[in-house]
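Q: Residues per chain, in single letters:
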Amino acid sequence: MRELLTGPNLARLICLLILILLPLVVPSPYIRHLLIITFIYAIVASNWDLSLGYAGVFNFGHIAFFAAGVYGSAIMSKTIGITPWLTIPLAGVIGVIAALIVCLPVLRLKGIYVVLVTFAFSQLCFQLVLSQEEITGGSMGMPLLPPLKIGDYNFARDGKFGYYYVGLFLLVLSTIYLHRLVRSRFGTSIIALRDNEDYAISRGISLARQRMLTLGLSAFFTGVAGGFYSTYVRVASPEIFGFGFLSLALSMLLLGGLNSIYGPILGAFVITLLSEAMVDLGPMRFLIISALIILMLLFYPGGLINAIQQTSSLFSKSGMAEKYIRKLVDR
Amino acid sequence: MDAGTAQSVLLSGIVLGSLYALMATGLSLIWTTLGIFNFAHGVFMTIGAFIAWQIGADLGWGMGPAAGIAVAIAALIGLGCLSEFILVRPFLRRPDVVLVAVITTLSAAIFLENSALLVWGGRYKQLPPLIEGKVGMLSTAISTHEVLIIAVAPLTLFSLWAFLKFTRTGSAIRAVAQNRESALLMGMNVPLLYSLAFGLSAALAGFAGILLGSIRFITPGLGNEPLVKALIVAIFGGLGSLGGTIGAAYVIGLMEAISMFFIGLYWTPAVLFGVMIMVLLGRPTGLFGKR
Numbered sequence: 001m002r003e004l005l006t007g008p009n010l011a012r013l014i015c016l017l018i019l020i021l022l023p024l025v026v027p028s029p030y031i032r033h034l035l036i037i038t039f040i041y042a043i044v045a046s047n048w049d050l051s052l053g054y055a056g057v058f059n060f061g062h063i064a065f066f067a068a069g070v071y072g073s074a075i076m077s078k079t080i081g082i083t084p085w086l087t088i089p090l091a092g093v094i095g096v097i098a099a100l101i102v103c104l105p106v107l108r109l110k111g112i113y114v115v116l117v118t119f120a121f122s123q124l125c126f127q128l129v130l131s132q133e134e135i136t137g138g139s140m141g142m143p144l145l146p147p148l149k150i151g152d153y154n155f156a157r158d159g160k161f162g163y164y165y166v167g168l169f170l171l172v173l174s175t176i177y178l179h180r181l182v183r184s185r186f187g188t189s190i191i192a193l194r195d196n197e198d199y200a201i202s203r204g205i206s207l208a209r210q211r212m213l214t215l216g217l218s219a220f221f222t223g224v225a226g227g228f229y230s231t232y233v234r235v236a237s238p239e240i241f242g243f244g245f246l247s248l249a250l251s252m253l254l255l256g257g258l259n260s261i262y263g264p265i266l267g268a269f270v271i272t273l274l275s276e277a278m279v280d281l282g283p284m285r286f287l288i289i290s291a292l293i294i295l296m297l298l299f300y301p302g303g304l305i306n307a308i309q310q311t312s313s314l315f316s317k318s319g320m321a322e323k324y325i326r327k328l329v330d331r
Numbered sequence: 001m002d003a004g005t006a007q008s009v010l011l012s013g014i015v016l017g018s019l020y021a022l023m024a025t026g027l028s029l030i031w032t033t034l035g036i037f038n039f040a041h042g043v044f045m046t047i048g049a050f051i052a053w054q055i056g057a058d059l060g061w062g063m064g065p066a067a068g069i070a071v072a073i074a075a076l077i078g079l080g081c082l083s084e085f086i087l088v089r090p091f092l093r094r095p096d097v098v099l100v101a102v103i104t105t106l107s108a109a110i111f112l113e114n115s116a117l118l119v120w121g122g123r124y125k126q127l128p129p130l131i132e133g134k135v136g137m138l139s140t141a142i143s144t145h146e147v148l149i150i151a152v153a154p155l156t157l158f159s160l161w162a163f164l165k166f167t168r169t170g171s172a173i174r175a176v177a178q179n180r181e182s183a184l185l186m187g188m189n190v191p192l193l194y195s196l197a198f199g200l201s202a203a204l205a206g207f208a209g210i211l212l213g214s215i216r217f218i219t220p221g222l223g224n225e226p227l228v229k230a231l232i233v234a235i236f237g238g239l240g241s242l243g244g245t246i247g248a249a250y251v252i253g254l255m256e257a258i259s260m261f262f263i264g265l266y267w268t269p270a271v272l273f274g275v276m277i278m279v280l281l282g283r284p285t286g287l288f289g290k291r
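Which chain is which? The protein sequence lines are B and Y, in order. Going by the working numbering, the residue at position 78 of the first sequence is 78; the numbering climbs one at a time, nothing skipped. Going by the working numbering, the residue at position 196 of the second sequence is 196; the numbering climbs one at a time, nothing skipped.
Possibly wrong hints are sitting among the right ones.
What the simulated footprint calls covered on chain Y by chain B, stretch by stretch (three residues with Cβ under 8 Å from a Cβ of chain B suffice, anywhere in the stretch; the number is not a length) [said to hold, decoys possible]:
1. 84-90
2. 103-116
3. 232-238
4. 263-270
5. 273-280
Beyond 10 Å from chain Y on every Cβ pair, some chain B residues (computed) [said to hold, decoys possible]:
6. PRO29
7. GLN132
8. MET140
9. GLY151
10. ARG209
11. VAL235
12. VAL279
Just so you know, the hints here were simulated from the structure itself, not pulled from any lab data. We put the CB at the ideal spot given by N, CA and C, even for glycine.
Please construct the entire structure, taking both the sequences and the accompanying hints into account.
A: Printed below as a string of structure tokens:
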């Protein structure tokens, strides 16, 4: 119990507390909407980091896992009629299934081939969604999905309070999950595989198995986020396969910083607010964000989380603050 | 299936294969030389088609197709060199350059696609075919433009091969591709050669875009689907061998035409993907790949 309340955990709890209390203080439902979207992006980006960052698997099909969740949940809740409370966790399972399918060819591949196959997979899913019009609604998407409800209490009509707390709950759950995963023996083993593949294999770590686990485990909460997303915006549209969504999620990862759980989450908050501030600019928004990614890679390869570390170490002579922040963001 | 249908399927397969060969060769050239993968290749096609339209088409500035093609290719060479300078060169010494280059070129693709949207808008445009009319070929009639594609693509690729094989600069590019350090020791200007390879590849992409622009409508997303096809071709053939890539392009083109005829338009991407996975399961570096 004492351990729970030491430095870094305390800071995290304070952040959580602020997020819990925020809707009670800030009256605007629009701010709640923005934060719900941020939570979803944060889950997608931080889970993506498990494969892209920690495991060093160049997985560019992560959005397809999310889309599998979006469409899986949409089809289950609208076409089959299962309650969204069930389809959201089931969407996670569908995400995992999508990940296992893409795993099949990826297990034996190296480097750039992994990028190509996962990217092609995600494009293939896009084509399939477009072509299977009777099931997915084609390019029109599936509108008017059933919202979350408890009895007569409709989540779609309460000024976004309900969705806000469900989203926050999912983000917390996913973060705890990632935290435990990265610190487990499994987490250590995938980092070992990334940093020195030959040595790790010689010590008895199975590359194929860990890769399959990495992709599968990173897909679960991504799928859940997809299910939650479609239940929240109440439409499943093929737009999520586009470059726009991919670039947003990717820029959150890179801006926040690879190889950390809190980096991508921080990135999600920064990018969502930034992109919201530029919403009137139309296509210019994507120009600015993509230029920002390149500039970030040029000047801050470690992302925001590293930049914060560096700045804080400048200001503290004893290095206490740096140690503190490093602890906070470490894994 | 009678002889006429078989021939038209065959012809459309060869047209597709020729286009894919033009696109995928550029990707393969950059991969062998720089060891990175260019995700902006598709949008290079789009930009090429748009510039040719702007200069050449009657609704643009109406200066004729020849001027359009010339300006477009010159502009694409410049764009390619510039992309290399911004997107690849600063990161070449980093150990994770493959991943970083995926991200920078993907960002550039988004940048250029949205720029095209800003400049030319989302309305459909089309280039007039380079030669009007239809030709009777075997027992079917196809448009002269398609005949031109069938003839021009191998010619272009042949001249690329001859350039790489017989000229001094071409040999230098191949030398850098084989061993960067030795090339540096021999006093070759490696950055310049990288730039050149990128420019050449962008020009190929632009040319493919121009040919495509009179078959399909030009939109900012014109290059996205061909890029995926070029990816599949490059994976299928194995990156790193130009001959393998070109061979794979025709195989994929024919396979696509046959699958479109028998299985239908919608399932064709799945068929191609399935075939690609089969190949990769057996040969993780593609059919003709060496690395």
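Q: Look at each hint and say if it fits the structure.
A: Here is how each hint holds up against the structure:
no. : hint    : verdict
1   : 84-90   : holds (count 3)
2   : 103-116 : holds (count 11)
3   : 232-238 : holds (count 3)
4   : 263-270 : holds (count 5)
5   : 273-280 : holds (count 4)
6   : PRO29   : 30 Å, holds
7   : GLN132  : 7 Å, violated
8   : MET140  : 16 Å, holds
9   : GLY151  : 42 Å, holds
10  : ARG209  : 17 Å, holds
11  : VAL235  : 21 Å, holds
12  : VAL279  : 14 Å, holds
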